[in-house]
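All you need for our numbering is the position in the sequence shown, starting with 1, plus 169.
Calculated directly from the structure, the hints in this document are not laboratory data.
Watch out, some of these pointers could steer you wrong.
To be verified - Label-pair distances were calculated between CB atoms; the ranges are:
1. Lys-318 with Arg-268: 12 to 22 Å
2. Asp-333 with Phe-306: 34 to 44 Å
3. Phe-363 with Gln-209: 32 to 42 Å
4. Ile-261 with Gln-209: 13 to 23 Å
5. Lys-318 with Phe-248: 15 to 25 Å
6. Ser-253 with Lys-344: 23 to 33 Å
7. Gln-340 with Glu-221: 15 to 25 Å
8. Lys-334 with Ser-310: 32 to 42 Å
9. Ala-304 with Val-276: 36 to 46 Å
10. Gly-250 with Ser-203: 18 to 28 Å
11. Gly-250 with Asp-333: 15 to 25 Å
12. Glu-337 with Arg-269: 18 to 28 Å
13. Ile-359 with Ser-201: 16 to 26 Å
14. Arg-269 with Gln-237: 22 to 32 Å
To be verified - The list that follows gives simulated cross-link-like pairs (lysine-lysine, BS3-like), each with its CA atoms no further than 30 Å apart:
15. Lys-353 with Lys-308
16. Lys-344 with Lys-329
17. Lys-300 with Lys-329
18. Lys-358 with Lys-329
19. Lys-358 with Lys-277
20. Lys-277 with Lys-308
Where is the CB? At the ideal position from N, CA and C, for every residue including glycine.
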Amino acid sequence: MIRNLLKLILAFATIVSTSSVLLAQQNNSTNSPSALEIVQWLNNFEDAHSPERIMEGTLSDKVNVYIQDSILTINSMIFEGLSSSPTKIREIFNLKDVRRIEAIESVKEEYVIVEYFLHFEPGNILLECKKESQAYFSKCSFADSFYEKYGYTSSSLRFKFTKDKSEEYTQKVYKALESLTKMKGGNPKIGSLF
170 MIRNLLKLIL
180 AFATIVSTSS
190 VLLAQQNNST
200 NSPSALEIVQ
210 WLNNFEDAHS
220 PERIMEGTLS
230 DKVNVYIQDS
240 ILTINSMIFE
250 GLSSSPTKIR
260 EIFNLKDVRR
270 IEAIESVKEE
280 YVIVEYFLHF
290 EPGNILLECK
300 KESQAYFSKC
310 SFADSFYEKY
320 GYTSSSLRFK
330 FTKDKSEEYT
340 QKVYKALESL
350 TKMKGGNPKI
360 GSLF
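Work out the full structure, taking the sequences as your base and the hints as a guide.
This is the structure:
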């Protein structure tokens with residue numbers, strides 16, 4: 170009799186304990202943003218705080234981020250002068266391959282320009298270009314010299330913050346990029362190498 174009572178109490182305690190754990194996990198996953206929500210936030214935040222939101226000479230958004238599964242694509246443009254239309258560029262990489270996320274700041278009058286660098290091992294980022302006259306993207310002709318000069322990095326995400334909000338906003342973008350990367354299997358170091 171006592172043995173059955175103890176079994177019943179143990180079973181009840183196990184059910185309550187398991188239910189509490191499952192409920193806590195459900196609340197944590199419900200409160201965590203999805204990868205798509207983080208990408209949408211990055212795009213909106215970039216729109217609001219971009220040093221050059223619309224590409225000069227166009228009506229196109231200069232930078233936007235797109236995600237499919239764990240592959241992140243950062244679309245941007247390079248303006249090569251008045252005699253030619255901007256070149257569209259896209260950086261394509263798997264978020265699990267991001268090794269370091271670094272923000273480099275420069276002060277311009279009353280603003281701080283923050284450029285985010287996502288660093289990779291060689292071969293883990295693809296740089297593609299497309300001129301207006303071309304139908305498809307292809308590997309950029311300058312990709313190898315870019316990698317040789319700057320390393321395997323993505324550096325298209327740039328923000329312009331007021332001095333009083335710079336530190337807070339820099340940390341928000343760090344947190345968004347780190348969360349997105351970890352969500353997709355990466356474990357990047359945050360901040361400067363030195």
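Hints versus structure:
1. Here the CB-CB span from Lys-318 to Arg-268 is close to 18 Å, well matched to the stated 12 to 22 Å.
2. In this structure the hint that Asp-333 and Phe-306 lie 34 to 44 Å apart at CB holds, the actual value being about 40 Å.
3. Between Phe-363 and Gln-209 the beta carbons are some 34 Å apart, a value that agrees with the proposed interval 32 to 42 Å.
4. In this structure the hint that Ile-261 and Gln-209 lie 13 to 23 Å apart at CB holds, the actual value being about 19 Å.
5. At about 19 Å, the beta-carbon gap between Lys-318 and Phe-248 stays in the expected band of 15 to 25 Å.
6. Judged by the Cβ atoms, the range 23 to 33 Å given for Ser-253 and Lys-344 is violated: they are separated by roughly 38 Å.
7. As the Cβ distance of Gln-340 to Glu-221 is approximately 23 Å, the hint placing it in 15 to 25 Å holds.
8. The hint said 32 to 42 Å for the Cβ distance between Lys-334 and Ser-310, and at roughly 39 Å that hint holds.
9. Between Ala-304 and Val-276, the C-beta spacing of about 42 Å keeps the proposed range 36 to 46 Å intact.
10. A beta carbon spacing of about 41 Å between Gly-250 and Ser-203 contradicts the range 18 to 28 Å that was offered as a hint.
11. Between Gly-250 and Asp-333 the Cβ separation comes to about 36 Å, which falls outside the hinted range of 15 to 25 Å.
12. Checked against the given bound of 18 to 28 Å, the beta carbons of Glu-337 and Arg-269, roughly 22 Å apart, stay inside it.
13. Roughly 18 Å separates the CB atoms of Ile-359 and Ser-201, a value that falls within the hinted 16 to 26 Å.
14. Range check, Arg-269 to Gln-237: Cβ separation about 23 Å, and the 22 to 32 Å hint holds.
15. Between Lys-353 and Lys-308 the CA atoms are separated by roughly 25 Å; this keeps the pair inside 30 Å, and the hint holds.
16. Taking the CA atoms of Lys-344 and Lys-329, the gap is near 17 Å; set against the 30 Å cutoff, the hint holds.
17. About 27 Å separates the Cα atoms of Lys-300 and Lys-329, which keeps this hinted pair within 30 Å; it holds.
18. With a CA separation close to 23 Å, the supplied pair Lys-358 and Lys-329 stays within the 30 Å bound.
19. Note on Lys-358 and Lys-277: the hinted pairing holds, with a Cα-Cα distance of about 27 Å set against a maximum of 30 Å.
20. A threshold of 30 Å between alpha carbons decides the hint, and for Lys-277 with Lys-308 the separation of about 33 Å lies outside it, so the pair is violated.
In this structure, the earlier hints numbered 6, 10, 11, 20 are contradicted, and the remaining ones agree with it.
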